[in-house]
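**Student:** For chain E, the structure is supplied; the task is to place chains L and U on it using the hints.
What follows is the residue order along each chain.
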Amino acid sequence: MSNRKLNMKDKYRLLTRDLEWEYSYQDYEEIFKQESFEGIKITDWSKWEDPFRLTMDSYWKYQAEKEKKLYAILDAFAQNNGQQNVADARYVNAIKLFLTGVSPLEYQAYNGFAHVGRQFGGVGARVACQMQSLDELRHVQTQIHAMSHYNKHFDGFQDFAHMHDRVWYLSVPKSFFDDARSAGPFEFMVAIGFSFEYVLTNLLFVPFMSGAAYNGDMATVTFGFSAQSDEARHMTLGLEIIKFMLEQHPDNVPIVQRWINKWLWRGYRVLTLVAMMMDYMLPNKVMSWQESFEVYFEEAAGSLFKDLARYGIEMPNYAADAIAEKEHLSHQAWGIFYNYGHAAAFHTWMPTDQEMDWLSEKYPNTFDKYYRPRYEEWRKMEEAGERFYNPTLPMLCQTCQIPMGFTDMENPTMTSYKQSVYDGERYNFCSTGCKDIFDHEPEKYVQSWLPVHQIYQGNCGGAEMEDVLGEYYKMNLGADNLDFKGSPDEARWNAWHNLEPAEDKLKKAS
Amino acid sequence: MSKVYIALQDNEESRYIVEAIEEDNPDATVIYQPAMIRIENEGHLVIKRETVEEMMGRDWEVMALHVNLITLGGNVDEDEDQLSLTWND
Amino acid sequence: MTIEIKTATLEPIRNTFEHTKRRFGDKPASRYQEASYDIAPENNFHYRPMWQPEKLLNDTSRTAVVMEDWYAYKDPRQFYYGTYVQARAKLQEVTESNYAFFNKRGLADRMSDEVKSKIIRCLVPLRHMELGANMNNVLCTAYGTSTVLTQAFLYNGMDRLGIAQYLSRIGLLLDGNSTESLATAKEYWMTDSAWQGLRRYTENTLVLEDWFEVFIAQDVVLDTLVYDLIYRQFDEAITEEGGSDLAMLIEFMQEWHKDNSRWVDATLKSTVAESEHNKELIGRWVAEWQEKAVADLAPLAEIAVGEEAVKASVEVLNKRLAKAGI
Chain E
335 MSNRKLNMKD KYRLLTRDLE WEYSYQDYEE IFKQESFEGI KITDWSKWED
385 PFRLTMDSYW KYQAEKEKKL YAILDAFAQN NGQQNVADAR YVNAIKLFLT
435 GVSPLEYQAY NGFAHVGRQF GGVGARVACQ MQSLDELRHV QTQIHAMSHY
485 NKHFDGFQDF AHMHDRVWYL SVPKSFFDDA RSAGPFEFMV AIGFSFEYVL
535 TNLLFVPFMS GAAYNGDMAT VTFGFSAQSD EARHMTLGLE IIKFMLEQHP
585 DNVPIVQRWI NKWLWRGYRV LTLVAMMMDY MLPNKVMSWQ ESFEVYFEEA
635 AGSLFKDLAR YGIEMPNYAA DAIAEKEHLS HQAWGIFYNY GHAAAFHTWM
685 PTDQEMDWLS EKYPNTFDKY YRPRYEEWRK MEEAGERFYN PTLPMLCQTC
735 QIPMGFTDME NPTMTSYKQS VYDGERYNFC STGCKDIFDH EPEKYVQSWL
785 PVHQIYQGNC GGAEMEDVLG EYYKMNLGAD NLDFKGSPDE ARWNAWHNLE
835 PAEDKLKKAS
Chain L
-7 MSKVYIALQD NEESRYIVEA IEEDNPDATV IYQPAMIRIE NEGHLVIKRE
43 TVEEMMGRDW EVMALHVNLI TLGGNVDEDE DQLSLTWND
Chain U
1173 MTIEIKTATL EPIRNTFEHT KRRFGDKPAS RYQEASYDIA PENNFHYRPM
1223 WQPEKLLNDT SRTAVVMEDW YAYKDPRQFY YGTYVQARAK LQEVTESNYA
1273 FFNKRGLADR MSDEVKSKII RCLVPLRHME LGANMNNVLC TAYGTSTVLT
1323 QAFLYNGMDR LGIAQYLSRI GLLLDGNSTE SLATAKEYWM TDSAWQGLRR
1373 YTENTLVLED WFEVFIAQDV VLDTLVYDLI YRQFDEAITE EGGSDLAMLI
1423 EFMQEWHKDN SRWVDATLKS TVAESEHNKE LIGRWVAEWQ EKAVADLAPL
1473 AEIAVGEEAV KASVEVLNKR LAKAGI
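Residue numbers (the numbering used here), protein chains in the order written: chain E, 335 to 844; chain L, -7 to 81; chain U, 1173 to 1498.
In isolation and in its complexed conformation, chain E is listed as follows (with noise of 0.2 Å):
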C-alpha cells in the first residue's frame, strides 16, 4: 500500500479539527452555553488558524525536556544555597511581591483557560485554550518551586495564597483576574489572551527575570526563561483570537475595541507594581521604567496597532495618558509603598544616594523637581529616629484598587480624583480610564471588595491594625513588615555574609 506524506498543517487539523463533529442529539447552543451572550458573532468556527499546531505527544516530549533542566538547576539553587549569591538582600523583596502578587494570576490562568477550553465552540481554539491552562498550571507550580528554598530563608513569602485573598495591595492583581474571569469568554480571551499575554506581557515577564539575572537570582531567571517559550504558544494565540474575531463578522469589531480599551488600561495600572519593582527595588537595575515602557509598549505596540489598522482597530484610547505617566509612576508608587510600609508583606526603604543620583539621571524632568524633596524629608526623619509610617488608611480607586495617588498630568502636584454617583452612591476612580471602566459596567464594579473599605467595615478582624495585620492577614509582624533596615533578613544577610552594620563598625572604632 502507498504511504503518501501527509504535510503538517493536514496532518494537525486531522488530528484536532477533524475530531469535532456535528450535534444532533443535544442542541449546540446547550453544549456551549456561553458563546453567544456578549454580541460576538461567529459564522465560521473552521476560519480558526492554528498558528502552532503541536500535538499532544510533542507537547509531552518536549515540555519534559524543559523540567528535567528546570528542576536540575532549582535543585542546584538549592544544595548550594544559592539564594547566598543574590547582589543583596533588598532584591528578594522584588520576588515576595512577584509569590504573593503574580503567581495567584498564573492560578486564576490556569483556571480562566480550562473554563474558555471548555466554553468555546471552535475545537481548534479549545485545544490552543487546553494547553495554555495546562502551561499556567505549569508556570504556578514551578514558580512556587522556585520560591521555596526562598521562603525557607526569608520572611514574606510564607503564606502567599492566604494574602493574595485579603491583603490590601494585592487585591489589585486579584480583581484584575477576577474581572477577566468573571467575563464572558470572548472579554476573556481578549483581556488575558491578547492584551494581557501578548501586548503586555513583556512589560512585566523582562523586568522580573531580567531583573533576576542581574542581580545573581538564578531560582528565578531559570523559570523566567523556561516559562517564556510557553509565553510565544500564548502570545500567538492572543494574536489570533483577536483577529479571528475582527474577521468573523463587522459587528465584532467596536465590541473589541471597547473591550481592547479597558484591558490596556486595567493591565497598565496593574504593572504599576512592576514600575516600581525595576526602579526601586533591584540594586542592580536593568534599565528603567520609562525606558521599559518605550521599548515593549509604545515601540512594540506601536507595530502590533500598525498591523490591526487594516481591521479598523485603532491603538487604545487611553495610551496616551500611559505615556504621559511614564516619568512620574514608579516613584508615585513606592512613596505609596514607603508609606505604608508597616502593612505590607515586604521591606521598603531608603533609596541611596547613588540610587537617588541614577533617578535623577533617567528621569531628567520629573525626579529632582518632584520626588527628591519628599525622599529628603523622609530621610531627615529616619535620621531622627521616626521612621515615617502613614497611620491612615488611604482611599482606593474602585476600579484599579490602587490607593489614589497618582496625579493629574497636567498639573503633577494635584491628586487625580475622578468620581461617579450610582444609585445614590459616590464612587471614586484615580484616573479617566477608571472611571470609564465603571461607567459601562457601574453593576459589576460596585461589587469591588475594597480592602480599605472592609477594614474599616470590620470584616478583616480588629480594632486595631496589628490585628488586622497579624491575624487576619497573618502577617510576622517586625519580620515581614517595616523597613529592611533593622529587619530579621538584614540581620541574617549580615551574618552570612559577615558584614557588620555601618553602626555596630562604628562602635567598634571608638
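Heads up, some of the hints might be wrong.
[What the hints assert, rightly or not] Every beta carbon over 12 Å from chain U, so not counted as near; a handful from chain E, in silico:
1) L580
2) Q582
3) A635
4) M684
5) K769
6) S782
7) N793
[To be verified] Calculated pairs, PhoX-like style, for lysine-lysine (alpha carbon to alpha carbon, straight line, at most 20 Å):
8) L:K(-5) x E:K343
9) E:K402 x U:K1262
10) E:K486 x U:K1262
[What the hints assert, rightly or not] Not the full set, but computed from the structure, chain E residues with beta-carbon under 8 Å of chain U:
11) N485
12) A495
13) T741
14) E805
15) K808
16) L811
Honestly, the hints are just simulated from the structure, not real lab data.
Heads up, the beta-carbon is just placed ideally off N, CA and C, and yes, glycines get one too.
**Tutor:** Using the frame of chain E, we list chains L and U on its own:
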C-alpha cells in the same frame, strides 16, 4: 515597516539555530544580551529546518525550537520545514 | 569562629510554607504538597461571574457533592505538572517507537482487509468519544475548586486529546495516509447503529451542569466499560482474527487506563466515604448512567466482540464500584 524578532536562550543548541538564521536572513541584526540572543529584522524572518540541520550536523524538528525559545514578535507561520514571522504593513 | 557563625545562620528559618505547615506539620513538604494544596483562591472574590451570576467565581456549590475539606484527597500518582509530563513523555517515547516500527515494517499490509475494516469500524471512531471525554474532564477542571482534583482532571483531559490523536494516527497507518479511514470512522460515528448509543451518551454528558456527575458519567461509568470492552476484549478478539500487531498501537491506551484508574478509584472512594449524603447521591448517579451506558454500548459490543461482551465489562465496573464502597 515594523521589525519582527525572535529571542532564544543563549546555549549550545541555540547557537546553531542563530547561525542558520543569519545565513537565511542576511539583513537580520543579532543582539547578544545576558543569557539571551535576540534577532530582529524588517518585516520578515524565517528559520529553515534544513539550514539548522546543516549547521547542527544532525536531524532537527522545527518544533524543537520550543525548548530554546524565549519570545517572538510577528505573525507566525509554522510547518515541518520552517517557521516564519511577518508583519503586514 | 567565623565558620561557626556562617553554618549556624545558614540554617533555614522555616521548614516549609505556612499552608503546608498547617496541613502536614512543621517539616519540609514534598513538591507535590507545596504546589497542590491550599493554593487556590477561596475568599473575597470581587465580582460575580457574568456567565453564572448566582454563583461565585470559585464555588463549591457547583456540585451537589459535599466535602468538609475539598483537599481531603491525594492523587496516588502525586502528579504535579513536572512529574505528569515526564511520566507521559516516557510512555510517548515507547509509543513513538512502536508506531515507527509498525510503519517501517509495513505491518498494515500484513493485516487482512477484514481485520483492517473491523479496526476502522470498532476502534477508530473512539477518537470522537475521546474528544467528548476531553471536553468533560476540562469542564471538571474549570468548575472544581481544589487543585488536588482540578489538576488531575486537566491531566486526564489532555491525555484524552492525546489518545484521540493516537487513534487518528492508527487510522492513517491503516489507510496509508489516504485519510479515507478517518472519513469512514466519522461516518460510523455519525450514522452507524452500532455507534449511535455511544454518541448520544456522549452528547448527553456534554450538557450536564454538575461537574461531579460528569466525572461519574464519563470517567467512572463510561470509561470503565469502554476500555474493558475495546482495549481488553476487542484486543483479544482481533488478535484471534490475525490483528495481533494492533497491540503495539494501543499499548499507550492500556497503560494510560491503568495509571488513570488509580486516581479515579482513589477520588471516588474518598468522596463516597465522606458521608451518607455523598454515597447516596453518587449511588444514584452511577445507577442512572450505568443503565444508559450498558444499553448504549450493547450494539457496539456485539459487533466488536460478541453477545456476552457487555456483561463481562459490567462485571469489571461493578467490581470497581464495590472497591469504592458503592
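**Student:** Where does the structure disagree with the numbered hints, that is, which hint numbers, in rising order?
**Tutor:** When the structure is compared with the hints, numbers 6, 7, 8, 10, 13, 14 and 16 turn out to be violated.
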